[in-house]
Amino acid sequence: MGWLLALPFLLPIATGLLAMAARRRPRQARAISLAGCIGLFVVVVIIFVRVLDQGTIAAQMGNWPAPFGISLVVDRLSAIMLLLAGLVGLAVAIFAQADVDLRREVLGFQGFYQLLLAGVCGSFVTGDLFNLYVWFEVMLIASFALLILGGERAQLDGGIKYVALNLVSTLFMLMAIGMVYGLTGTLNMAALHVAFAEVDQPAALHMLAVLLIVAFGIKAALFPLYFWLPASYHVPPVAVTAVFAGLLTKVGVYALIRTFTLIFPADFRFAHDLLLIAALLTMLSGVIGAASQFEFRKILAFHIISQIGFLVLGLALFSPLALAGSIFYMVHNIVAKTNLLLISGTARRMAGSFKLAEIGGLYRASPVLAAVFFIAAFSLAGFPPLSGFWAKLMLVSASLEQAAYWVAAVALITGALTLFSMSKIWSEAFWKPHPQDGVRALASLSATERVQRMLPAILLVAISLGLGLFPQPLIHFCEVAAKELLDPAAYVATVLPARDG
Amino acid sequence: MESALVLVIGVMVAAGVYLMLAANLLCYLFGLILLSNAANLVIFVAGRLTRAVPPLIPKGQEAPVVPVANALPQAMILTAIVIGFGLLAFTLALVVACYRELDTIDSDHMRLAEPPPDSGEH
Amino acid sequence: MISLILQGATRLLVALILLFSVYMLMRGHNLPGGGFIAGLIASAAFVLYALAWSLREAREALRVSPVKLAAIGALISLASAVPGMLKGFPPFTGLWLFIGGGAGDKGIPISTVLLFDVGIYLAVLGAVLALFFTIEED
Chain A
1 MGWLLALPFL LPIATGLLAM AARRRPRQAR AISLAGCIGL FVVVVIIFVR VLDQGTIAAQ
61 MGNWPAPFGI SLVVDRLSAI MLLLAGLVGL AVAIFAQADV DLRREVLGFQ GFYQLLLAGV
121 CGSFVTGDLF NLYVWFEVML IASFALLILG GERAQLDGGI KYVALNLVST LFMLMAIGMV
181 YGLTGTLNMA ALHVAFAEVD QPAALHMLAV LLIVAFGIKA ALFPLYFWLP ASYHVPPVAV
241 TAVFAGLLTK VGVYALIRTF TLIFPADFRF AHDLLLIAAL LTMLSGVIGA ASQFEFRKIL
301 AFHIISQIGF LVLGLALFSP LALAGSIFYM VHNIVAKTNL LLISGTARRM AGSFKLAEIG
361 GLYRASPVLA AVFFIAAFSL AGFPPLSGFW AKLMLVSASL EQAAYWVAAV ALITGALTLF
421 SMSKIWSEAF WKPHPQDGVR ALASLSATER VQRMLPAILL VAISLGLGLF PQPLIHFCEV
481 AAKELLDPAA YVATVLPARD G
Chain B
1 MESALVLVIG VMVAAGVYLM LAANLLCYLF GLILLSNAAN LVIFVAGRLT RAVPPLIPKG
61 QEAPVVPVAN ALPQAMILTA IVIGFGLLAF TLALVVACYR ELDTIDSDHM RLAEPPPDSG
121 EH
Chain C
1 MISLILQGAT RLLVALILLF SVYMLMRGHN LPGGGFIAGL IASAAFVLYA LAWSLREARE
61 ALRVSPVKLA AIGALISLAS AVPGMLKGFP PFTGLWLFIG GGAGDKGIPI STVLLFDVGI
121 YLAVLGAVLA LFFTIEED
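Protein chains in written order, with the working numbering: chain A, 1 to 501; chain B, 1 to 122; chain C, 1 to 138.
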């Protein structure tokens, strides 16, 4: 059991090291990395099935009993996040074979990519706050390297901003962890759940909540802490942007959900109110920012921000339906968003630019690509019967349930503006003719490259479509996962050894 | 002793934040070093201060005989120092690369990734 | 900068520093020391060497590329988890093997913890030197 839960980070680390050692032979490194991603996907599927079957599972590293050692815990939320990480990891790894140039491969792209996956998966499986910090750092170092790998001038410029703000976030997190330890004497999350229920110092709780919201909020790109994202997400190769958009910010949201359901007591309204305001402003400012952009990838980057607002909204409303909605939204968003970025990369390969004014004619050049984009984009905007519709429906009905009508209104406005941006991309990039008539057909690419570019996109769009047409199993899963989050007794009992009395 | 250290942490954070607000990237880096050491001290203080009693178990015993210093915060600080060291070294390398490539370490002049709206971007 | 005094002293010092780093590595389990600190000390030796002679000669003295050294070190650390796996313990459970033990003497302890530390030593040495070489190179 311990090995199964450790594999999601041990496997990518080992793969990454091997790929790093083989980086001067890029074909070999790519093969190693792809094999590692397939292995990771198999592992997370096994874990997911195991969790479906048995509920929360836990393991203690180094055979030290909790709360003294580091616990690994996978409940339903962690399991689905791991599954998504494995899926995105695999899809982007396939795409990167076509998209990342050899120069970056020699600099160690595959090694850092695997390290990033290790950090993401480690964050999802750990049941210890300090260990979460360590995985955040692993992820951060890998993302720094991926962002500036290649050393183009724009990359350095964007990289500095990304690095500067994210380092501040980790320091906030470290300070918060120190204070949590001073307050309770433990950092095991399950033990913290027990200890925080007995803490009788509202001032300390409020301060810790703010510190942690700021720390995770910077990671998650929450209003008003998101400035690093539009400054940096459009500078690296598109495969890197896709994996960042799919996984990095989501780890921040995952940490927020974990912290404010498991560690802090459930009746801590202060944090929920703060998160609600931040979530609404994130949704609005992200989508308005996107509406003012005229570049394929920058529009998508701003939409990442607005969708983070939706994810946090479910946590802030804090009802079973809202949390289930958040989890459903997470699944839908990771799949659709990663896919859109992959498509934007293929679109640039064919039309020559990310700038909407300079491209066009993609519908004629490749109806398949256009269809895939259409489904992913309108799913993101929340069109029935696509996956985004069900996600938004759950969140909006959760807010109506609590008579928070203005929350529902903001969600609907955001949806409408998302539709505006997506139609802008559709009409500019796909529908209108190419200004210089310079678009190349998908068929003109080599067969291998076509498969590498289109296979992940079609795979992801099939999942989006499946979730939209048959949402019931996932909705049910999310409801059970939300119930688990709101009542962590089973989680705590699985991690901590049974105590007397 | 705790309160003295807390004051020191406060001063370090204040100085760190002041430095980090400067446009100069080197100033930012120095501020970051101060802030990261302040964070380490927070963990140190959180483990309660015990003077001159290292957490070592004498030969032949199963558990420490006298109350000893808390070893866990020290292990965490060591981890944090290692990670902080790596991140700072990386950031320094990045600043150096920036200086070479962009000819500036003034963040106000770094507008490549986000060109100002009047530069004919659209 | 070529300084005869520095170069002469470095010849002596590098050997001493490297020896000291191994000493720190070995005593690390029960006393202050350990893989990370030993790795830093060892990298100081190579940094000194690079300052006294040149970057190129320091690279040659290291023989393998620092990045490869770091990767190998990390792999060794990971490999220290394998004996625990074979015996069915959770990952990273510490296991000890005592060589040549007699009455009253436990013998020389060889442990997975030591293997882990050796890996860390190489990883830190490689990573620090990779960084140093990159910054110094112009």
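None of these hints come from the bench; they were simulated from the model.
Treat the numbers as computed from the prediction; the structure is a model and nothing was measured.
Yeah, the Cβ is synthetic: ideal placement off N, Cα and C, and Gly gets one too.
Be aware that one or more of the hints could be misleading.
[Stated by the list, open to error] Some, not all, of what chain C presents toward chain A, calculated at C-beta under 7 Å:
1) Ala-71
2) Pro-90
3) Pro-91
Cross-check of the supplied hints:
| no. | hint | verdict |
| --- | --- | --- |
| 1 | Ala-71 | 5 Å, holds |
| 2 | Pro-90 | 3 Å, holds |
| 3 | Pro-91 | 4 Å, holds |
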